[in-house]
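Q: So the protein lines, in turn, are chains A, B and C.
Sequential numbering of the first sequence, starting at 1, is according to my numbering.
Sequential numbering of the second sequence, starting at 1001, is according to my numbering.
Sequential numbering of the third sequence, starting at 2001, is according to my numbering.
Fair warning: there could be bad hints in the mix.
Cut-off 20 Å, straight-line C-alpha distance, at most; resulting in silico cross-link-like pairs (SDA-like, lysine to any residue) [said to hold, decoys possible]:
1) B/Lys1230 to C/Ile2112
2) B/Lys1361 to C/Ile2054
3) C/Lys2077 to B/Arg1248
4) C/Lys2019 to B/Ser1337
5) C/Lys2019 to B/Ser1251
Source of the hints: derived by calculation from the structure; they are not laboratory data.
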Amino acid sequence: MALLPLIIWLIEDLLYVIVFPGLVVIMIIVIFLIYLERKIAAKVQMRFGPLWVSKKIGGALQSIADLMRFSFQEFILPNGSDSLAFLMAPGLMFSFALLPLIFIPVGPYYTSLFPSGLTILFSIALITITPIYAIIVGWSSDNKFSFIGSLREAFLLISYEIPLLLSVVAMIIIYKTLDYLPAVAFQEVHSLPGIIINPIAALVFIIVAIRSTGRFPFDITEADSELVMGLFTEYSALFFGIGMATPYIELYIMSLIFSLLFLGGWWPISSHSAGLIGGLFLPGVAVIMKAFIVMAILVFLRSVYPRYRLDQAVRSGWDKIIYLSIIAVLVSIVEAIVI
Amino acid sequence: MILKLNEGVFNIEDVANLELSGDRQIELQIGPSHPGSGHMRIKVTLDGDIITRVDPDIGFVHRTSEWLSERREFIKAIPIVERIMLPDTVHANLSYILALEKILDIEPPPRAQYLRSLAAEINRITSHLYGIGIFGIFLGSSTVYMWAFGDREPFIDLMEALTGARITNSYIVPGGVRWEMPKGFKEKAESTLQYMEKRLNDYNDIWAKNPVVEARTINVGVISSLDAIKLGIVGPNLRASGVDFDTRKDSPYAAYSQLDFEIPKMENGDSYDRLLIRIEEIKQSMRIIRQILKDIPDGKIIADGIYSQLNPVMKKVYEQNQRAMFPAFFLNMRPPSGESTARVEAGRGEIFFYLNTDGNKYPNRFRWVTPSFRNLPFFTKVAVGHRLADLPTIYGSIDYFPPEADR
Amino acid sequence: MLINDPDIIKESQVKEDEKRGIVEILVHDVQSLKTVAQRLNAIGFDHCVSVTGIDLKGKIAVIWHLSSYSKNELKGKVIQLRIDMELNVQIDTAMPKNFRAPMVSVPSLVNIWESALFHEREAHEMFGIDFQGHPDLRPILLSDDFYGKWPMRKDFTFDKSDIKIE
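This is chain A alone, in the form it adopts within the complex (with noise of 0.2 Å):
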């Protein structure tokens, strides 16, 4: 008889893994952000962008249409390739970025299937291990333009993982917790998100967003005029659908640590909420929303800037963004002393 909350609480989070916002809100949004992209792009280019799949909506199914096309096209394995590493690098990189999801919560009803103080650390942890997959995936190709790809990933990854650990840290010395829960709640206490307690820190998540989704300014590791496709050359079929679709949901993490760290989570609904519907619900509507919100904002940049040289991304991230965020951490010292 004691099994049957734990049951019960097994049951629930693997529903939140898979249901809500797990796999099948990851899918929804991943295929509607890919859409919103090409039609924002579209109408700062004075044209009109995907129309004619499902002319009546103008055109929102055609990320599925694609989806489509990816599962029905045939598969070639490149002779020279290392088989093992080939087929098996792109699934690692999908399941390894969907991960984090374990330690989100996005609504005070939620505690993880590990439950612990530290989520925030374990959360951000696991961000850093998926671009090594990418490095796989890069080298496991026969392709000199894939081997490029990689190595870039391999610079620019290095080059940005402290300023991303120094900017959390810089939060986490003013919330005073490594915890998810307790510092949304600190921000509602104090009714200010973290975007106002400490911009510096923001910006440089930002940055860190930007460059490790290869959004632009940052498109270096799939430079379509240098390097063919960068990464995936080599690949077609549900594949090539995986490696694109991973950066989005990279950033979508990305974007639920945002909000939940510098824009109050789910600041309107309170954190003593209880039940499935008050605490699970209506705040992971929330969180999710500002999530897209910062989301369509970072891929509106693609019609704006052309990308970076390497060498000049792998230098800002050593001299320049590290400047920024210690001063982000110094300036979260100082309010953790006088506050």
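Put chains B and C on the given structure of chain A with help from the hints.
A: Chains B and C alone, transformed into the frame defined by chain A:
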């Protein structure tokens, strides 16, 4: 652990030995089916990220225009020459006809000269917009690419109103031009020019003053003025390095000796200057078009020597529709034997024509050099020592067009 | 007269036709070609516009077109430096045996005008002119199965049965 590379199967100890033996260069073929190469293959040898050697392998779209023109009548060379230089058709047409008129000893009337300059300047604007668009997509900015190609459309509509065809007009014939300026053309041209001036402000904001563009193009691909003279560079690339040379001023043709315009010139010779100079040249071209529309003299559009060869039906068509049809003289033309040269400043640089005739129906030697062929030393000499990501920057900034280089 | 330098006039034959834009310097042998070229470079003709050949029956004329960017009085002018070489002399150069002989051999002027680099490659593959001293004489526009056939000569024919699809 076996690492499989392109050249065979290596052990991991072999990879370490490769490094020590100094053989750490990788050869990349940015080949014909690559988004950043155009219709050519660029063989690049890289040491890490630094380029050590570039070998452009051109000739993929060689269409033997010289061989064909030496076996066809003189007037049939016009479409051949036009379709080689596709964004810049009026200039190719004009250069050939200038060389032919020098041998035939025909002088077109003043109104025809002004109309030739008008068509040439509209074409220069579309050619520069094409170059700006290609440069944008090589750097990754699809916005500039879509805007530039969309903004070509009003000017191509102007050419269609003037000549009847959008791009391959075949407008200029020996003795003058083929079509008169239609009614309402001046108002249409003025509204197009006003639209373009507003758009140039947008280009300034998103292209010329963009911090990413400035970071990628300033001090990249620098060529000094002495090197530019020594390597024989042409066009706006030459003027961006500080050399003061433009064929419209130094050996004038058509109506340019009576028009008042400036030649923009920059000093640094890097890719950013090559980017800015094309926007400045668009502004100067708009100024020339306004002058032409104001000052154009009246008169015939075809020389008296040709007009007297038209039969009565053609003369009636000329009176009513203001259109000069081809007399039979054009097809059976046997120019006197001799040779001539002509030079014209196209959008990308200088076209050079050398024509040698010996009294037959076909030319004896038909030689032309296009500006992109003369800009090739940029790849072999200037790109060395830069990083791999600078190769599209240099390629886009010199406005290299492979079909025109291969002829 | 555009060319009035006594060294050049001594070694060659100058013909000017202002209306048609032709200023021709006709050189008679290879030695005076080099001296005239160096003299022209010293006067101010600093780049080469085009290098080509003309197939006169039994002879091939090699023509360099030159112009100037730096001297104001020479800027608008294009001059041509021409030498006529006989075709019935067998040249022993290091070319493969299946090349259509005979070829014509002139010294390369790349040391004087570096802008002639790519033009001389094109003239070589089209006419069969061997430029001695050129650092990199490979075909540039033609593919490998046309190299050696010198297509721009007047007696070039190609085997149509290769191309026709039955």
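Q: Given the hint that B/Lys1361 pairs with C/Ile2054, test it: the Cα-Cα distance must not exceed 20 Å.
A: holds (17 Å)
Q: If you draw a straight line from the CA of C/Lys2019 to the CA of B/Ser1337, is it 20 Å or shorter?
A: holds (15 Å)
Q: Quickly compare the C-alpha distance for B/Lys1230 and C/Ile2112 to 20 Å and report which way the hint goes.
A: Distance ~10 Å between B/Lys1230 and C/Ile2112 Cα, so the pair holds.
Q: Are C/Lys2019 and B/Ser1251 close enough, with their CA atoms no more than 20 Å apart?
A: holds (13 Å)
Q: Can the restraint linking C/Lys2077 and B/Arg1248 be considered satisfied, given a maximum Cα separation of 20 Å?
A: Holds: C/Lys2077 and B/Arg1248 sit about 13 Å apart, inside 20 Å.
Of the numbered hints stated above, none is contradicted by the structure.
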